[in-house]
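Number of protein chains: 4
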Amino acid sequence: MCGIVGVYDKGNINAANAAYYGLVALQHRGQESAGIAINNDGIITCYKEMGFVNEVFDDKILSLLKGDMAIGHVRYSTSGSTFAANAQPIVIKYKNGNLALSHNGSLVNADLLRGQLEDQGMIFSTTTDTEVIAALIARNYKGDIIKAIQNTMEIIKGSYALTILTDNKLIGVRDGYGIRPLVLGKLENGYVLASESCALDTVGAQFIRDVRPGEILVIDKDGMKSIDYITNLPTKVCLFEHIYFARPDSIIDGISMYKARENAGRILAKEQPAIADTVLSVPDSGTPAAIGYANESGIPYSVGLIKNRYVGRTFIQPTQSMRELGVKLKLNPLKENIKGKRVVMVDDSIVRGTTSRKIVQALRDAGASEVHVRVSSPPVIGSCRYGIDTPTMEELIGANKTVESIREYIGADSLGYLSLEGLLAAVGSKGDGFCTACLNGDYPV
Amino acid sequence: MCGIVGVYDKGNINAANAAYYGLVALQHRGQESAGIAINNDGIITCYKEMGFVNEVFDDKILSLLKGDMAIGHVRYSTSGSTFAANAQPIVIKYKNGNLALSHNGSLVNADLLRGQLEDQGMIFSTTTDTEVIAALIARNYKGDIIKAIQNTMEIIKGSYALTILTDNKLIGVRDGYGIRPLVLGKLENGYVLASESCALDTVGAQFIRDVRPGEILVIDKDGMKSIDYITNLPTKVCLFEHIYFARPDSIIDGISMYKARENAGRILAKEQPAIADTVLSVPDSGTPAAIGYANESGIPYSVGLIKNRYVGRTFIQPTQSMRELGVKLKLNPLKENIKGKRVVMVDDSIVRGTTSRKIVQALRDAGASEVHVRVSSPPVIGSCRYGIDTPTMEELIGANKTVESIREYIGADSLGYLSLEGLLAAVGSKGDGFCTACLNGDYPV
Amino acid sequence: MCGIVGVYDKGNINAANAAYYGLVALQHRGQESAGIAINNDGIITCYKEMGFVNEVFDDKILSLLKGDMAIGHVRYSTSGSTFAANAQPIVIKYKNGNLALSHNGSLVNADLLRGQLEDQGMIFSTTTDTEVIAALIARNYKGDIIKAIQNTMEIIKGSYALTILTDNKLIGVRDGYGIRPLVLGKLENGYVLASESCALDTVGAQFIRDVRPGEILVIDKDGMKSIDYITNLPTKVCLFEHIYFARPDSIIDGISMYKARENAGRILAKEQPAIADTVLSVPDSGTPAAIGYANESGIPYSVGLIKNRYVGRTFIQPTQSMRELGVKLKLNPLKENIKGKRVVMVDDSIVRGTTSRKIVQALRDAGASEVHVRVSSPPVIGSCRYGIDTPTMEELIGANKTVESIREYIGADSLGYLSLEGLLAAVGSKGDGFCTACLNGDYPV
Amino acid sequence: MCGIVGVYDKGNINAANAAYYGLVALQHRGQESAGIAINNDGIITCYKEMGFVNEVFDDKILSLLKGDMAIGHVRYSTSGSTFAANAQPIVIKYKNGNLALSHNGSLVNADLLRGQLEDQGMIFSTTTDTEVIAALIARNYKGDIIKAIQNTMEIIKGSYALTILTDNKLIGVRDGYGIRPLVLGKLENGYVLASESCALDTVGAQFIRDVRPGEILVIDKDGMKSIDYITNLPTKVCLFEHIYFARPDSIIDGISMYKARENAGRILAKEQPAIADTVLSVPDSGTPAAIGYANESGIPYSVGLIKNRYVGRTFIQPTQSMRELGVKLKLNPLKENIKGKRVVMVDDSIVRGTTSRKIVQALRDAGASEVHVRVSSPPVIGSCRYGIDTPTMEELIGANKTVESIREYIGADSLGYLSLEGLLAAVGSKGDGFCTACLNGDYPV
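Chains as they are written, first to last, in the numbering used here: chain A, 251 to 695; chain B, 251 to 695; chain C, 251 to 695; chain D, 251 to 695.
Chain A extracted, bound-state conformation:
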């Protein structure tokens, strides 16, 4: 997972600031590295480092990034690389000048394309798909950058939302299936592109619309031009954005992430009812579904687990002896709302099952008489090939165990998943328009 932004704020040489705030709004999409590339009268400068957005950038560095056109990127750890080599945006020099790219997604034919390019003598500085895209654009360039991008879109397969900076243009691209999101907003003197609409709110841009699957948006001093380039593919928006990744205050492809999750909770309450005294959520991601479950079922919602907001990345892990004492560093049960009660614990997904198991145990330790786990999505049975960092099949508990044996493993009194039909209904779909590969094995590309 990654988050991308693009900003063109005509005449404002501090456009990097908007890119910075946009990336902070998208920080949940990637915490490993952050970067901004800026175009100052055709000169592209890029700064990127390992770390959170507010660690990578400070006043001094932002003040060095002058220009009115910028793109940015936050990156989730997609590989074991310890160092910054694969951070984005990437910047290349090619025959037409400079090109900076930020990419969210994953190509399925990257290795093949990379091999073909290398056979033609191409060199690469990173192991990213993104550099393959950049190399293809450079290779396909014959005097028209848009044509070069179009030719590249014909060759690359998989998911990609891109923000591209040329010597004088900001370009947004979304793959033909629309797997990864990209939205468009308006500034007084320009435009903002971002992975999610919450980034538009954060920089004070007005939401205009989603970039369409297969669309190329070209923004420069003359305004914005739209090219619907790939139009023959079925839309296959990633369902996991709606269940899990996107911020609840984002609206993607016309759907409120909060509402989708609350709906999922409501439908879950119908599909998987429980006799209980209270509905609890696993904060923060399970909260909207828990509220939906409570409202639909009539069982009162209450706060059951308190999250320590200060337990971050640099936190020192407890030693074995402390772990055995049952330390509650990150989540502490609120005994008042649990003790002696039959609780429904709502979470948005179960991936490996280890976290659920710990939480069920903590709820029991806090005195819960029964623990009924309800999950607002179906079991994950397959890995994502389009950019989400799901674990391997061996680790995916949903791919290896029945619901009953998962229940046993996590120690719940009952366990119920939302059905795929229920989830599709929650996002307003009649069964199409979404990629459900990881839930039913139906890989679109």
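Treat the hints with caution; some may be incorrect.
Put simply, identical chains are the same to the list, so a pair is met inside one copy or across any two.
Below are the DSS-like pairs computed for lysine-lysine, each with C-alpha atoms no more than 27 Å apart in a straight line [unchecked claim]:
(1) LYS557 with LYS509
(2) LYS345 with LYS407
(3) LYS475 with LYS436
(4) LYS589 with LYS680
(5) LYS475 with LYS392
(6) LYS310 with LYS580
(7) LYS509 with LYS589
(8) LYS680 with LYS520
(9) LYS580 with LYS316
(10) LYS397 with LYS260
(11) LYS436 with LYS589
(12) LYS343 with LYS392
(13) LYS392 with LYS345
(14) LYS580 with LYS557
Just so you know, the hints here were simulated from the structure itself, not pulled from any lab data.
Here the structure is a predicted model, which is why all the values come from computation and not from measurement.
Starting from the structure of chain A, add chains B, C and D where the hints point.
Okay, now just chains B, C and D, sitting in the frame of chain A:
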């Protein structure tokens, strides 16, 4: 406000780890500086710096702090000091060896006592009350440290919860009114003292009880000894701990902080009803009261404001031009739950009014048709003299405006505060046992 | 200017340590950035950052760089780039796997070659000549890396000393003129390549010989193979290495840097005698020549300027008001050896003249009755095209003023430069074998 | 060892800058911690941390230290403390306001005085002698700070040079024996006090004179007042300042440190002649004596060891395997000047003998046919009680071995020390005026 801990884990030379985790659990009580003093066979070493607990300490520094007896401190900025001079614990050398102290609270006669000591030739290294307490203990020491502490308790006036490290003892002290909290927990081979019970959960200690007002707890290799030293004062626990400061998963003086706040919300719904479509909270502190209000009133609770968890201290503030764009950095309204609705917005307090004003405006921008503000505590009309960093009287909106003019200032359609009686009822009081100085001017000391 | 190393220490997975110590020995050749690339069983990892070698690397980072084959690089600031993008070694992925390169020197046809490659669709990640060399090797690769390097050497023009890491080889290359130095040393189980022999001493390697101009050295598990590939060019070793850049304890192309400078001082004493009481040096670089001048002339050598070793890069520059007080931060005159004396001040070069002017003034302030400046090299009249960061022609005082007007500008009583013949004699040349472009305009390439 | 400064620059609120530059000039006297206390209209603020002066202070911190009166301190590691607790200046609050002190020296009755003060109820925050001095001043204060200082001087025994900041005065104090140095300089609108005159040059102050043994200098807005308070003690200036510690460009008590060392070399050449081809120094401290030796003996001086200026504190130590390769990290022999030669190696002192042994071996490895070691001071046979961090008696080779067995240990062909008489002659003494305790056991206090 500050947070303090004390740990004696007999024979475990890594007691600093438990102090560290305890301080992380108490991080909400002070973010300016953090420190730990450790006793290693009578040698006391202290490390303290400006910053969050996990910034101040890393593996290397913790590994240098060896010993089985430790105290710790997190400090809220109580003065303009830019540098670390006033960080705690403080460590002094005196005739009986070393003494380390962590203090939460504020003396009302500190200046007087300091002047008297200086007249007798005493020198001080800090401007803290804590060093005055330490100097008095040293001055009163005549061969018995407990007597020295008792003599000191007779002289100092105000609020104090203390953890003290001597050459061979861990001592906990709470002032005679019990204004600041202090709880006691049990480890397999020792004890833990902490400002709040959530710190006990975090280090895996079993909650035993609150330290009693006026009590001295002496913990050493022979076990624990309790001395109820000051017993003639009325209990005056700080109400603001319950409304605002303490973590919701803490239990202080027998009261669940979560329940107290939920109760406050319920009583508020009765005292200050509203005709509305939804109840929203100002996260995170307003959430328990909002849920209570919703449950009592029958108006559905929903999530109305999304908090960006990554907007921390090192965040770069937006420029004026970006502020005018209406950037939503920290709190973003969730339009789905607001648009076209009459909303009740529940917060735990209004101090200066500026934040409430911004949020009301943001709710209106998001389409709220009516905004009814409900506050789960009475107006703050006076400054705290016992350790809470309330603004000056000039800044306290409750001390200077009527409820109606506050409503007008923050732009709400209606505004209702919880009554003092209601608040006392929420914490289970029949009218006594609590300090209500900042709410009704009744200063106990 | 840059410094490069290459290490192959068969079976020692900590070869990065030797690269690190070698770079520390070469730190005087570049203080802007430092980097090491390591080959661990065919996997190349690279770490590079802005800063001194001992700032960029610490125990933890070195421990992550496992492998028995390494190259390293220190880089002098050759452009205005604020960020790390142009740091070396560079690592590329190409059809034959990975390739890491460290380069000292400068191509004169880099722009032309880069343009040709870009026209063929090549992309670049940096603006360095080094990446052009890498791209040409990749492009020329047809199954034999040595052939690819040879084909590249036929195309690139200018100065280059290279250390190259392939999936299983360490390769050293020196351009046909031998402009930049490269020496070869022996470890018990391997070899070391370095810009200067002092790096061999530092890592405990035995000096074997200089790499010959035009030679390719291929080192792998089967030993070392030498290919004298370009043999038809006249040797044109950079004279400035001998005058100025290389460490005095280095031996390059058979010449001791210390002896060359002492000889220069001796010949200078004959060419430009002075009637004086003492000979002083501008530390540290002027010291060998000053000692030579003193020994030849019979005028006693003494220490005249004390250098503050703690005034480094992060030093805060004095304000104007302090500058006017005549602060002596970096060099402080030793009045005892100056007061009332006629002094000869020996320096190795005068580039802009501003430093010399300040020192002459400081010597007069310290009471010198006469100041005779002697320079152990001829006036610099042209910029270097082969990798030394000389100022522009406008700034080069030797290119714009007569000796007499330079004397006047720096305020000396007399000024004498070493002749080019004298300098060549000092390095043992009969007039050939050296690049003298910056001294007489005779550019070899 | 420590270095201290005091600055009063009337009306210049950036006096901290001069203190900073002064401390940089004195950095050789202490590298463990650095600190500056500033007086801004009676308010004293202090910033101090572990590290070099230019690591501790940056532009931002200096800009927070506003005021026209400042003192500063650099501290050598005098104990095992890992943390900053004992850094100076120390600042105390006492009945008359604030007091900041910087101290160079060591009291011999500190423990006794500390015990007496503790018995009277005094508390201390550090384990330094300096806080004992501060406590005595506070205790003795009866309305007149000068009297309080005088009363304190009557009680404390040992060595002390002090700079003191009161609410409106800068005070300099030197102990009655004058063991530690302190000099006075003039700014246009104020004065500077410093441990050495090189600090005056660095801040552009004119040297006036040394502070006299037993003198108190009081500087405030009305000018400077001198009180010669203790006048009945013999002067006992530390000889090691002249041999070793002070910078060669400093003039202390009327003696040029450079000249003293050169003289010592000259006298050493007469006392301990050698038949040799060249005289080498151990850089940097042995250089003046080596030049003196060479000039007196007629044996030519040459550079024999090149010091790597980049091998600093953060340098990673080589592993055992690299050490065995004979790595030459810090000092590299210059073979040209050594090979086949009989060398005289001049150093300023031999403390433990381990470094000398390594260097002798390195010279032999570089081809020296004979190595004659000459030391420009007598053997150190006792520890210093007045502030110099000499090793314990067990480690002092001069206290435990004869000259012949030291020669054997270090592996030299011959070894000769300067006599005490010779050293006293070198500093211009007829046998009195200097502390020679560590050389002949004659402890003055």
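A quick look at each hint next to the structure:
1. LYS557 with LYS509: Both. Shortest intra-copy (23 Å) and inter-copy (17 Å) distances satisfy the 27 Å Cα cut-off.
2. LYS345 with LYS407: Classified as both: same-chain Cα gap 25 Å, cross-chain 21 Å, threshold 27 Å.
3. LYS475 with LYS436: This pair counts as within: shortest intra-copy Cα distance 14 Å, inter-copy 63 Å.
4. LYS589 with LYS680: between (42 Å within a copy, 26 Å between copies)
5. LYS475 with LYS392: within (20 Å within a copy, 44 Å between copies)
6. LYS310 with LYS580: between (34 Å within a copy, 22 Å between copies)
7. LYS509 with LYS589: Intra 31 Å, inter 13 Å, cutoff 27 Å: inter-copy only.
8. LYS680 with LYS520: within (18 Å within a copy, 44 Å between copies)
9. LYS580 with LYS316: Result: close only across copies, 25 Å inter versus 40 Å intra.
10. LYS397 with LYS260: Classified as within; 25 Å inside a copy, 51 Å across copies.
11. LYS436 with LYS589: Result: close only across copies, 21 Å inter versus 51 Å intra.
12. LYS343 with LYS392: For LYS343 and LYS392, the Cα distance is within 27 Å both inside one copy (15 Å) and across copies (25 Å).
13. LYS392 with LYS345: both (9 Å within a copy, 24 Å between copies)
14. LYS580 with LYS557: So LYS580 and LYS557 pass the 27 Å test inside a copy (6 Å) and across (18 Å) alike.
Hint check: no violations occur; every hint is consistent with the structure.
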